[in-house]
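Protein chains: 2
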Amino acid sequence: MSLVATTCARSALRRVRLSGWKRSLSTIELDDRRKRVVVLGAGWAATSVLRGLSDKFQTVAISPRAYFVFTPLLASTSCGTLEPRTALESVRSLKPSEYFEASVQSIDFEKKEVLCLSPLQGWDPSKAFSVKYDKLVIAVGAHTQTFNIPGVREHAYFLKETKDAIKIRKRILGCFEEASLPSTSEERRRQLLHFCVVGGGPTGVEFSAELHDLIHDDLSRHYPSLIPLVSISLYDVAPRILSMFDSVLADYAANHFARQGIHVHTRRTVTRIDDGVVHLKEEGPVKCGMIVWSTGLDMTPLIKELKGVKKDHKAGRIMTDGYLHLLDSASEAEHPKVIPDVYAIGDCAVIEGDELPSTAQVASQQGAWLRRHLNRLAKYEAKAIAAPPKAQETSAETTAVDIDSKVGRGFRYHNILTLAYLGSWNAIAQRSKGHGIRGRIAWFLWRGAYMTKTISLRNKIRVPLLWLVRNPHK
Amino acid sequence: MSLVATTCARSALRRVRLSGWKRSLSTIELDDRRKRVVVLGAGWAATSVLRGLSDKFQTVAISPRAYFVFTPLLASTSCGTLEPRTALESVRSLKPSEYFEASVQSIDFEKKEVLCLSPLQGWDPSKAFSVKYDKLVIAVGAHTQTFNIPGVREHAYFLKETKDAIKIRKRILGCFEEASLPSTSEERRRQLLHFCVVGGGPTGVEFSAELHDLIHDDLSRHYPSLIPLVSISLYDVAPRILSMFDSVLADYAANHFARQGIHVHTRRTVTRIDDGVVHLKEEGPVKCGMIVWSTGLDMTPLIKELKGVKKDHKAGRIMTDGYLHLLDSASEAEHPKVIPDVYAIGDCAVIEGDELPSTAQVASQQGAWLRRHLNRLAKYEAKAIAAPPKAQETSAETTAVDIDSKVGRGFRYHNILTLAYLGSWNAIAQRSKGHGIRGRIAWFLWRGAYMTKTISLRNKIRVPLLWLVRNPHK
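Line order of the protein sequences matches chains A and B.
So the first sequence is numbered by the UniProt record's numbering: it starts at 1 and just counts up by one.
So the second sequence is numbered by the UniProt record's numbering: it starts at 1 and just counts up by one.
Since the hints were derived computationally from the structure, they do not count as laboratory data.
Treat the hints loosely; a few may be bogus.
The list treats identical chains as interchangeable, and a pair is accepted whether it falls inside one copy or across any two copies.
Derived pair list, reagent style BS3-like, types lysine-lysine, alpha-carbon separation capped at 27 Å [claimed, not checked]:
id : residue 1 : residue 2
1  : 111       : 311
2  : 160       : 170
3  : 111       : 167
4  : 406       : 310
5  : 95        : 167
6  : 170       : 95
The shape of chain A in the complex, shown without the other chains (with noise of 0.2 Å):
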């Protein structure tokens, strides 16, 4: 969502709330025969869990995104490398019963309700509209944490959705035409062609590492003669770039980069951002063309409000139990109380004593168990149907934890492989601590694990063949 929508998102919620829910305007009716599962969310999570939902349930999909944002190859598509399409799916190609381009506003546990405004309608809190639920699955992803310096939003470029891409894709050939202009002076060329990366996690580094290709690979053949004033440079706060893989890994990436002429700084902190200058609290300004801002996560609006749950005091997460129940934040430490019936997944959530890191991986892996557990929840209520327990099994109490826990386990966190592609077909890959490998065997299955988490067979003939024919200006 963008700041402009989430400004008007907060002051139409307010609006709403003044006048109460009495504006609803429709309450969609359950289904009778099939209970209704309720997704927020077009991310790898909310996405995993619609693809295969048994059809005993009633799915209602609510997202103010039509369309699934294939994150992980944002970074070619911006370099040109894939066509901006290609990362996207849309949410109706999952065939849920329903969908509504929506931002879910605010959610009351007791009726079981969400409530709803559309960016299709300007946000009109009079066409407000309230959905009901019988489980309830929040994946509403969260947006890129700026940490409030002043100037990220208005000057930085992000690498989140398909239309960040394009705009970063436009601005790096504005870079080269300016360049090319006779009236720049050669100051303005330099800076222009400086490329200023913010972030040393995965995604800055396969960024700087694609954005490096592009011009020594491709933009090379037009601009021949500005090749020589290039340069990239990856600022990150911490000690070393991407702290989740093994140091010998990492040191092996940042070797690799320097050899390649990206500069990596590390321990730097950016104060201000103006347009095409970075201010660092180390070196004072530093003028470039483009900057790229790739840090951590800020929770959706919907997440900062929502109330009675518990949320983890660093980054306001929601805290869930193993099954990814939601837990209320009423009950004690020692006998956690859940809400029933509602659970969060993906980057907006985290499981009490067992922080997993924020990754498409974790929130696709999320998804794709609870998928699983709801399918087996509507079978063993079938069962239960045809066959009533006995009245000293049905207390209220012990229904919703202990049910969960006697149809399968908790959810487990399977590391299947922890890549990053480097440029120039290299890159390192990790399967767990002390299991890492390198070079171009490493790249091999960067490559294989994008084709493999391709989904449609659509795309998956045609992510290799615009690989094959991967060329900006042809």
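Here the structure of chain A is known, so what remains is to put chain B in place on it, guided by the hints.
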């Protein structure tokens, strides 16, 4: 060029004029060994000149748009049949000696130089630069004509640039999504799903046909309950649509549309456009979800403000002789004097006494002829230097036109085929007056024509592939 850009350019121009030419920062010096051909524009006409111009010339391309838009595919693109970027090719991929992303503000025919401002430098007049030419090709195209009807620029969608196509696609899906919301009234639903097209030329007709196909072939799977509410209306001021086709074929098209449920309204005058409303003189306000505007052509500021050259009274286009030379407006009608070494082709020009339609076919044939003509001139001049002609043959009076007629004949238009797609695998094709084809065979011709006109090898492979996988939602 967008409206904002045009306005900026104009006010910048005024400032440049006030301060005179002295602000010009850099005049690129001529390559001593080669003559310089400067080509203004990046459309069908300009790219046809650039594609294969002899390397005896130093070629300089100047256009505020760095890429060539393959316009006839836009109808397909906006409906999602083709990926947006398929319709683009970078001007740099045509390998001019130099390319500047800039707009020409004025031309000095005496000094043989053009004054440029770049949108990348915010049209800053202090960064103006001039470029000298030996031969100048004006191929800047035209804007969409709005006839100063209020609200067209603000509320209607055009079919000129790729970004227009992306906007249209987004709007179509937005209309269907808003109509899917539970709080949208039945009346609003009908309005949202009424699509209006103004202009019954080939572009408007093909867009209507593609929109019909998109809705009935693709969107019907995701929005089955909404399809009965959809309607498409095509308005034109003339008594019939497709006036460049024989009346038999035009009537066939109108009947085919009627059978498909596309309502063709001829003899209609649009008086105003508001957000979601077309005001017609004949029947008052008509509510709709989207208005696509595809009427005639309007000249760019450069052409409008060009002094000393003959223009046609109706549209303000530059008038040329049969060799596509500009004509001096001071010369008498019987003895027209050409402006030496300056040519005008494509939508911004018209040949005196031989009015051709403003189509991509005419523009690219003119560009190709001019390229061959310039190449022949280069050969002729090389020979002339090797064996200088006698003194009486080289008087200044005779040079330009006489040499032209020595190296070859003037431009002649070959009407290959005029084609229009009608939807549902149906098309009409016409070679010359009275020779028409319609139906499925014409459709094969239509697809075939795009195959051969789609230029690069990469696109030759990709366009049919994308047609095979056409599906906006998967």
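*What are the numbers of the hints that this structure violates, sorted from low to high?*
Result: hint 3 breaks, nothing else.
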